[in-house]
Structure formats: structure tokens, C-alpha cells
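Dock chains E and G against chain S, hints included.
Listed in order, the protein sequences are those of chains S, E and G. When you line the first sequence up against numbering that gives the first Met the number 0, it's residues 0 to 279, in that order. When you line the second sequence up against numbering that gives the first Met the number 0, it's residues 0 to 260, in that order. When you line the third sequence up against numbering that gives the first Met the number 0, it's residues 0 to 154, in that order.
It should be emphasised that the hints constitute simulated quantities derived from the structure, not laboratory data. Warning: the hint list may mix true and false statements.
[What the hints assert, rightly or not] Straight line, CA to CA, 25 Å or less: simulated DSS-like cross-link-like pairs of lysine-lysine:
1. E/Lys36 / S/Lys84
2. E/Lys36 / S/Lys80
3. G/Lys81 / E/Lys193
Keep in mind the model is a prediction, meaning the values are calculated, not measured.
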Amino acid sequence: MGCDNILSDTFIKIRDLHFSRGDREIFSGVSLDIPTGKITAIMGPSGTGKTTLLRMLGGQLQPSQGTVEVEGLDIASLNRKDLYKARRRMGMLFQSGALLTDLSVFENIAFPIREHYNFRESMVRDLVLLKLELVGLRGAHALMPAELSGGMQRRVSLARAIILDPVLMMYDEPFTGLDPVTLGTIVTLIKELNQSLGITSVLVSHDIHETFSIADYVCILSEGKVMAAGAPQELMESKSEFVQQFVQGKPDGPMPFHFPAGSLSNDLLGSKLEKGQHLS
Amino acid sequence: MTFFTNLLQMIGAFAINTVASFGRASIFLFQIILGFKDVILRSSLLIKELYSVGVLSLLIIVFSATFVGMVLSLLGYVTLVDFGAESSLGVLVALSLIRELGPVLSALLFSGRAGSALTAEIGLMKATEQLASMEMMAVDPIRRIISPRFFAGLISLPLLTLLFMGIGIYSGYMVGSVWLGVDEGSFWSQMQSKVDFRGDVVNGLIKSVVFGFVVTWIALYQGYNAYPTSEGVSRATTNSVVYSALAVLGLDFLLTALMFM
Amino acid sequence: MGSSRKTEITVGAFVLMALLAFVYLALNVSNLTGFSSDKGYQVSASFDNIGGLSKRAKVTLSGVAVGRVIDISYDKETFRAKVTMRINSDVNYLPTDTQASIYTSGLLGEQYISLEPGAEDDVLKDSSQLDITQSALVLEELIGKFMSSFMSKKE
Numbered sequence: 000m001g002c003d004n005i006l007s008d009t010f011i012k013i014r015d016l017h018f019s020r021g022d023r024e025i026f027s028g029v030s031l032d033i034p035t036g037k038i039t040a041i042m043g044p045s046g047t048g049k050t051t052l053l054r055m056l057g058g059q060l061q062p063s064q065g066t067v068e069v070e071g072l073d074i075a076s077l078n079r080k081d082l083y084k085a086r087r088r089m090g091m092l093f094q095s096g097a098l099l100t101d102l103s104v105f106e107n108i109a110f111p112i113r114e115h116y117n118f119r120e121s122m123v124r125d126l127v128l129l130k131l132e133l134v135g136l137r138g139a140h141a142l143m144p145a146e147l148s149g150g151m152q153r154r155v156s157l158a159r160a161i162i163l164d165p166v167l168m169m170y171d172e173p174f175t176g177l178d179p180v181t182l183g184t185i186v187t188l189i190k191e192l193n194q195s196l197g198i199t200s201v202l203v204s205h206d207i208h209e210t211f212s213i214a215d216y217v218c219i220l221s222e223g224k225v226m227a228a229g230a231p232q233e234l235m236e237s238k239s240e241f242v243q244q245f246v247q248g249k250p251d252g253p254m255p256f257h258f259p260a261g262s263l264s265n266d267l268l269g270s271k272l273e274k275g276q277h278l279s
Numbered sequence: 000m001t002f003f004t005n006l007l008q009m010i011g012a013f014a015i016n017t018v019a020s021f022g023r024a025s026i027f028l029f030q031i032i033l034g035f036k037d038v039i040l041r042s043s044l045l046i047k048e049l050y051s052v053g054v055l056s057l058l059i060i061v062f063s064a065t066f067v068g069m070v071l072s073l074l075g076y077v078t079l080v081d082f083g084a085e086s087s088l089g090v091l092v093a094l095s096l097i098r099e100l101g102p103v104l105s106a107l108l109f110s111g112r113a114g115s116a117l118t119a120e121i122g123l124m125k126a127t128e129q130l131a132s133m134e135m136m137a138v139d140p141i142r143r144i145i146s147p148r149f150f151a152g153l154i155s156l157p158l159l160t161l162l163f164m165g166i167g168i169y170s171g172y173m174v175g176s177v178w179l180g181v182d183e184g185s186f187w188s189q190m191q192s193k194v195d196f197r198g199d200v201v202n203g204l205i206k207s208v209v210f211g212f213v214v215t216w217i218a219l220y221q222g223y224n225a226y227p228t229s230e231g232v233s234r235a236t237t238n239s240v241v242y243s244a245l246a247v248l249g250l251d252f253l254l255t256a257l258m259f260m
Numbered sequence: 000m001g002s003s004r005k006t007e008i009t010v011g012a013f014v015l016m017a018l019l020a021f022v023y024l025a026l027n028v029s030n031l032t033g034f035s036s037d038k039g040y041q042v043s044a045s046f047d048n049i050g051g052l053s054k055r056a057k058v059t060l061s062g063v064a065v066g067r068v069i070d071i072s073y074d075k076e077t078f079r080a081k082v083t084m085r086i087n088s089d090v091n092y093l094p095t096d097t098q099a100s101i102y103t104s105g106l107l108g109e110q111y112i113s114l115e116p117g118a119e120d121d122v123l124k125d126s127s128q129l130d131i132t133q134s135a136l137v138l139e140e141l142i143g144k145f146m147s148s149f150m151s152k153k154e
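Looking at chain S on its own, in the form it has when it is part of the complex (with noise of 0.2 Å):
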């Protein structure tokens, strides 16, 4: 099960993986293949590791079982060396912006050139203002990371991302905390980047609206498995209860609302309040 009937040319390949954290295993047989140049969308509910299958993908956590293969190469197995070089050719968006914050926001996008090339001035500050248009943010290169909005903080983090030219992008939920404004220009830059550049995308999301908008597969991964996969289309008219009520957002149905507990007329009742049982 999982996306990998769907595709043309895998750019990653995720086989049987596994991985818990302390003693709540978060995935159990995770397999998913992601198409190059496409953007791919990871969904699910929070809590489910959307993000831990990011950091495996940079190789910032390894998995306990299974492997992950970008570009052909397992990514766990490699060396330091070659692991940076692979990270070389992979941009991802933090949630939180990530920058850097004693560095202006022309510093910290020319931060990975200056770390990585020995290029003259003028080349790394054409590169960098190239990347600010892109986003819209050239006027706002000599302030500091503290001055901005939470939203123009994610689009300097995403020129930053970009700086290197990318073959991989990831965003770590790209949607979640921006207003409507702001939120349509990263839909529409996450779009143009996909399309004018041909860079392979891999989106984490719990946002159904813009998700489905610019995906052009969908996985929905709930306790640790692959749930429900296809393009947006096929997922809406899925007859599985599970996607249509995450698709739907409705509050109770196969994934429970509660956290588990014991019967509520005892808790109220009972002279003792019983330990709501342990999620594993």
C-alpha cells in the first residue's frame, strides 16, 4: 500500500520504515514513493510524525528499521561527508522561519553561499537580491530578523532555502499561522517554484483547503501508517470513512476525539480519579 502506483519517475523511495521515540512508536511499515518534479503532499493528524518523516528525509534522524532512498541514495547509510553534499542539493522551509537571528535578512540568505563558495561580494549580493524579488521582500534586506512580520519571516526562510537552487524542497507546514494575504503568496510562490523550476516538492500539512489546491498527490499517514493516497481529486471522492472524515474535518468517526479514558460517570462519581490509559 502507498503512493507508489501512481507514479512515472520516483524521485525518493521510503521502504518499510519504522521509528518510535521512547516507547510510542510513531511509524510501523511506512512505504511511499514520491515523484520528481510533482509536488507531493503529506498529510495526517498532528502527532503523526509528518515531521519526523522531514528530518529523515534531510537524514537529521534515522530510522530503526526501513530506508529511505533519495535520489537512489540511502540516505541513513551514508557517510558525514556525502550526507552534506546530499543536503547540498535540498532546501526545506522550517515551520518557525528558522533564521538566523543575529544576521540581517540579506546575511542570512547569503549565509549557505558564504558557508559553502568562496564568490566575489558583488555575485553573492546579486544572487541574494535575485531570490529577495522572487519573494517580494528586496526593500526589507538591511533589517533584521526580529523586525519582521511572522510572514515575511517565512519568505526570507524560504529565499534562504532556494539560494542553493534545490533539486528537493521541503515545507514544514508552510499554511499554518499566516494571514489570508500572506498565505496566498506562499501558496502561489510553493506553486511557481514547483513549476517554473521543476523542483521536486514534499509539503507537510494538516491544511486540507490549500493542500488539495496546489498537490498533485496527496498521502494521508495516520498511527504510523499510510492511510489513504492519490491525487486530491480521488481522495475527495474516496468512500473510505477514515479520508472522508479528515477531508472533511467532521469531529468524531473513525479517528476518535477523545484521548482514551475511562467512563466519564465513574470519573465524576468515583472517589478516585482513574489514569486515562497510556497512548501507544
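Positioned in the frame of chain S, the structure of chains E and G alone reads:
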């Protein structure tokens, strides 16, 4: 019986945790030291950290040294004058500052001023995903962020300690000779004949190098391993100062026993 | 780049200040003698009792410091304390019958060796021996003597 096994389990868990965190801290230290080459190649990073770790701690060091020297001199005078031995005041001030107070107080002040700032800075960088984002930009945060700070701390504390000793002795002289009227000649000459360069000054300096190493290591490790929330960062900052103080005082006893016995 | 220049300058000043403090500690506070190549010459003297004399104590000539005690040991042949001292090489005119005495500076001060030149024409050389010595005054001995003479007078 269950009480006993529970107790045993607690002790076991504590021991395992302690050994594990020592192991993690040692690996961390090893990685930091591997970054030495990058620190040498990019000295501008080191200089920037020397500024924020060393120069910014100057004020509190200079201020404390002045007052500690003055108080030592005043108290020493009051005690020594009863035995008619006030000419030994210089020896008393110099030896206590060089052997003990200089290295230890500088280290404690340094951990409060620079160590806590390092922990909070690194912890916040972790909490705001700055370190993770660096990794994704193929920049090793340990080499780029942690190593320069470590070597800056290692260099700064001995320098600050030297200043503490010098300023403390001079302010002790101001109070002892200029204000209380101890003979200037015997103040300095007794000091010179009793303070040994190798045995006292160099040993005091060795102490401060060890303290600089430990305080910076603890501060960086606490920051790097902070739980990435605001509560986690604040707890890491407190831990950094507390553990540094304990480590400095414990090591001080050990080093004193080794050096001056 | 202006701010980085300012940083570099302040860091430079900081390092320089610390180095100055180090030189001050080395030369003014402690007795760093490693720089001077003047090794001087060594002479030794035997005492019945050296009291509280310690290594690195001063050796003086009419109150002027001319050397230091470098070693104290017990000679099992003569059953006396052997004190080795180093005299500065410019003080090369001490007669062989120079007397060495252990004195105390002040009532509770440190003990030092005082040299009193004799009348011989030959001068002390490296590893010479001083024959005329006067031991340290030990307070208990002094009081003991005083007491016994006081007692005997009374009778």
C-alpha cells in the same frame, strides 16, 4: 521488599543516566575539538566570540577584583596588626588572590555572565530550529557555532583571571599602603620573596585553564541538549550555572590538593 | 565591516591588558628569576639548629640582600644541618672567614641568613664552606636558659 527493589531500581536508573550523559557529553566534546581546524581557518568567528564571551565579562571581573582586593587587604590588616605582622599584608593578599580567589571567583563570575549567556543562546537557537536549519543547509552547527564559542571560553577565562589577580593585588595595595599606611617597601618585598612564579602564578593559571574548559563545556552541552521549549531553555540555563559552580569548587579542591600539598 | 573592526580592536585591547597583567604578576608580584642568567655561586654552612629557616630565605650582607637559600639538608656525618645558599656573582669579595648567622626579622617575622665578613685575604668561591656559624635563636631555649640562671641566682 518492594521498597527495597524500588530503591535499587532508582539507584540503578540514576547510575545509568549519569554514565550515559557523561558519555554523550564526551562525544560532544570530541566533536567540538574536531572543529578546531575550522576555528583556526576562520579566525573572524573566534574573534567575534572572544568579544561576546571575554570582553563583555570584563566589567564584572574588574569590578569584583577591585572590591575583593580591597576587602582582603582591610580584613587582613585588622587581623595582622594585632600580631604586629602587618608587613606580611602583601603576602596575604597576593597569595590568596593568586592561588585561590582569582581562579575560583573569576570562574564563578564567568559562568554566571558568559556561561549562562552561552547556554541560553545555544538553547534558543535549538528551540527556534536555527541549528536544525543549519544542518539542512549542509553547515555543521557544532563546527560553525559551538567550536568557536568553546575555544573563546577556553582562552577568555585565563585572561580574565590574570586581570582579576593583577587588579585585586593592586587595589589591595591601594587600601593597605596608601590608606592604612603599611610600609610600601615591606608590602612589595615580602610579597616578592614569598610568591613564587612557578609554584603560585603558573599553578593559579593552570587552575583557570581547567575551569575555563569545564565551565564552557558544561554551558555549551546544557544549551545543545536543552529541551527545545522556553521552559527547557530556562532550566538548562539554571543547570549550567549550578553545575559549573559545583564542578569549579570540586575541581578546585582537587587541584589545590595536587598543587600546594 | 566597521563593526567587525571595532570588535577586533576591543578584543585586541582585552588580550593586551591580560598579557600586561601577566607580566606584572611575573615581575612585580612574584620573583621570576628565570629571565636573569645570573646563577651566582654556591656556598654552604653547617648549623647546630636552623630554627624556622626555609628554602628561598634571604641571604643578606649588612641588611642588603645578596642571595638566597637554595637547599637545606641534614648531614648525618656531623649531625648538623647543612644549608646551601647561592650568592650573586657580583658579590665576589667575601673573605673565607665570613660568619653566617640566622636571624629573625622582627619578633614573628621570617628568618634569614646574615653574613658578616671576616679579615682573611682569600675570598669565597663556588662550593666553599663557611666554618663560623651562629645558630638560630630558639625562643624556648632562650627562656629555659633565662629561667635556670634566675633560679640559680635565687639560691
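Hint check:
At most 25 Å may separate the alpha-carbon atoms for a hinted pair to count; E/Lys36 and S/Lys84 meet this at roughly 20 Å. Proposed proximity of E/Lys36 and S/Lys80 is supported: the alpha carbons are some 16 Å apart, at most 25 Å. With a C-alpha separation of about 22 Å, the suggested pairing of G/Lys81 with E/Lys193 holds against the 25 Å cut-off.
Of the numbered hints listed earlier, not one is contradicted by the structure.
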